[in-house]
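Here are the chains, one letter per residue:
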Amino acid sequence: MWIRNAWYVAAWTHEIEPGRIHARTIIDQPLVLFATSDGGIVALEDRCPHRFAPLSLGRLEGDALRCMYHGLKFAPDGTCIEIPGQKLIPRSACVRRFPLAVVGSWVWIWMGDAAKADPATIPPTLALDDPAYRLQAGQLDYDAHYLLIDDNLLDLSHLSFAHEKTLGMDMPQWADMRPRMSPIDRGLRFERWHTGHHPRGFMKKLGAEVDVWTTYDFVFPGIFLQRTAFFPAGTAAASGSTAPQGEPLFWRIDEQAVTPVSPRTSRYFYAVGTRAQDIDPDKLERLYAVTTTAFHEDKRIIEGQQKLIDLEPGRTMLPTSLDAGPTQFRKLVEAMAR
Amino acid sequence: MWIRNAWYVAAWTHEIEPGRIHARTIIDQPLVLFATSDGGIVALEDRCPHRFAPLSLGRLEGDALRCMYHGLKFAPDGTCIEIPGQKLIPRSACVRRFPLAVVGSWVWIWMGDAAKADPATIPPTLALDDPAYRLQAGQLDYDAHYLLIDDNLLDLSHLSFAHEKTLGMDMPQWADMRPRMSPIDRGLRFERWHTGHHPRGFMKKLGAEVDVWTTYDFVFPGIFLQRTAFFPAGTAAASGSTAPQGEPLFWRIDEQAVTPVSPRTSRYFYAVGTRAQDIDPDKLERLYAVTTTAFHEDKRIIEGQQKLIDLEPGRTMLPTSLDAGPTQFRKLVEAMAR
Amino acid sequence: MWIRNAWYVAAWTHEIEPGRIHARTIIDQPLVLFATSDGGIVALEDRCPHRFAPLSLGRLEGDALRCMYHGLKFAPDGTCIEIPGQKLIPRSACVRRFPLAVVGSWVWIWMGDAAKADPATIPPTLALDDPAYRLQAGQLDYDAHYLLIDDNLLDLSHLSFAHEKTLGMDMPQWADMRPRMSPIDRGLRFERWHTGHHPRGFMKKLGAEVDVWTTYDFVFPGIFLQRTAFFPAGTAAASGSTAPQGEPLFWRIDEQAVTPVSPRTSRYFYAVGTRAQDIDPDKLERLYAVTTTAFHEDKRIIEGQQKLIDLEPGRTMLPTSLDAGPTQFRKLVEAMAR
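Residue numbers (our numbering), protein chains in the order written: chain A, 25 to 362; chain B, 25 to 362; chain C, 25 to 362.
Only chain A is shown next, with the shape it has when bound in the complex (with noise of 0.2 Å):
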């Protein structure tokens, strides 16, 4: 049922402190994350082979580390290098080390077979320290399927309803103005103009009226890459329906990963902010503050649309014309698993 054959956020890399163990768990999989003194990140198997004991109860030595219930230790890559009492090591001995790669500020994880791990794949994200950018990061854990949390990504039209007074206000058009979509490697690929557009608050020294331009990039299991680009009005008339040339006024960045932990709960990363010459610091402050509750206001239905799911699990949602999106990536998803 989980595709292991992908790459996913485990941590932001800041989360991962030297000296320390830490416990995650990704479709199902419990692992422990730890830095090593070469200045990586290892993610083992959280339980001993031995008992089945948690190895994020276990302690680092150096770079390797002991299982704290009968002994046992690992070497970084999870071969077993004591164990107490016994002199012969058996092969079967160790613990299943997981691929891992730094691609921004995420720390990335391939859950499935490490022949088969290639970190170019990864799609490229901000670093939060880049400083081009000012950029501020959140998280959020859901008691919801990580499809459902895709869905709500993949169909923008939401905007205008869930987050009517916080992400939706300043485009109420959010549903009737449909995207283009586009297929890219494990994902798909929207742009849409939304044209007369009145920036308000500290959005009006870009003028009475601007065209935004903005496009993001969703891909498996759940990353959302989106930049918002204001340009003069009367930009878009003079694009097309394509990518916009030149500069923007204003950019708004917005990077997100879903992660799914088990069946029924997922994590949720997300990063929100500009470029460094667009926003002050305690502007940023307050974008990231809305974007927040907006984030919340999403929980709140996709658990509530998760618990009636579960109640009568047999019935077949109504298609409308708002689904493309996540009906094409629930297709993609399909034949992945496939």
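Calculated directly from the structure, the hints in this document are not laboratory data.
Nothing here was measured: the structure is a model prediction, and the numbers come from that model.
A few of these clues could be false.
As the list makes no split between identical chains, a pair holds if one copy fits it or if it spans any two.
[Stated by the list, open to error] Simulated pairs of lysine-lysine, DSSO-like, Cα-Cα distance not exceeding 30 Å:
#1 Lys307 to Lys228
#2 Lys229 to Lys189
#3 Lys307 to Lys189
#4 Lys140 to Lys228
#5 Lys189 to Lys97
#6 Lys189 to Lys111
#7 Lys228 to Lys97
#8 Lys189 to Lys331
#9 Lys97 to Lys355
#10 Lys111 to Lys228
#11 Lys140 to Lys323
#12 Lys323 to Lys97
Go by the hints and put chains B and C onto chain A.
Here is chains B and C on its own, set in the frame of chain A:
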């Protein structure tokens, strides 16, 4: 397993505030209730057909209800009247409306085939604001199957034990004086005399000794309508086993409804009181407090019963001569289920 | 799945207060325990046969127990002696009585065929108030299957790791010094010498170096009776691998019992102490505190183990030479189950 073709009490009428959406669940069916501008109350399925978001997280727009996930809008009859970004509204885009009736102070919902819903079959109950009576209302949530609560109400011999210091105090012979039981529509009627009763407390004014005529109708799914009428000593002997003639000295009124929510949860609605001339408001307050205490006595036992049943579901109960009511009613429920 | 023909520790004798009804669950069987006027203790099924109300919500009437739902009354042998409103009491109207014995300070219950209950097979234990000893008692509830706790007690090599800073502190070689293991009735006996031990703290008075003889019997379902005896250095060499002659310098006593409550919950009873001459009350207090801390160290690991086992029930553990005790005992339990 649930009996759908029946009227269930969903709420007190005073719970349904104008402009608010009320979420309720009855026999595993999530519902929204709301008042309409014509003074009526509407009950719809609490599930948007589009993506199964809870409509109880939606918004009332006049008499219409809008789903606040992607904006589908429903008329009070459940018909979809708007799908944002889409002109055509398919016939299947509607939510189920459940027949509803207000009788007395209860909001009743028919959970089955609408064509069979006949409000005339709802048992008559008093309105809490009827000037001829003084009534006080409460409710209680149970972690137990509704039929266990029904069993309790169908065999009042438990008053002598479970309510020894509350409701049973006044008449300790509940277990010994068997009621006459007779079938009524979808239920049973119980009638009995308690003779030689010595009123206590503020009831002393009725005389040193009285006869008490207790009668109640018990109707599916768990409607308990009881009158306890106090008469001068000797009335029982003069009346035989039939209903006494003439106005009683004092009337105690108990009206209760058990509503199944899920296989292991139920809601219990109750009103207790007397005729207006029988009681002062402060005495009513005491009567209500004692009654509420007694209902918590039941709850503790019945929830304990449920746990023991679940621990060993195959066990058979020991029949006694106390069980005529519960046994007869369960047969009736089984017949209704077929 | 449960082994019924066995004695289980249900409580400390001091828990059973006269006039009170105590509810306990052992191997999924709800029980009531209460003291009778002859100074004995009775264990009955905690379930009225009539409607399955908990008898633990009932009332003691002398030595009889009355169900406070409909009033059935039971003699201490479980026979029904009253059904309100009914003359005839059927033979089937009784609750099961479980054989019970007090040995030391534990109340033991036989959960199976009463004809096979022989109190002589209960392993002897010390009473907490035995003047020759100073003992302190505690208990702990686990969210884990009892055999995982048994495994822990059957392989003390974990003392060097799980209890590195508590119980393992004094003798770090637990993992290296394998005990001699021999079969006893329904259990195993473990014996070993630790030589060259340097006493710490208040134990320093025993000398700069001592030999320590540790022996314990482990009996189904999880009775752990350990003596740790300190002897002058050289005693081990003189005694070989057999029990040493003569009185030790100091005796540490550990008596513990694991009682399965449900498939995922267990109760752990323990007493720790020494001979009366070995320790001051304030030192005993410290010994008890360290021991309790250590048992919480176990609990954290074992409950973690249980969760990992439940997440992937099919996985096979890696056998090591540490596992002789647990492996042997699980074979014994399997044989008992057949």
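Out of the numbered hints, which ones does the structure contradict?
-> 4, 7, 10 and 11
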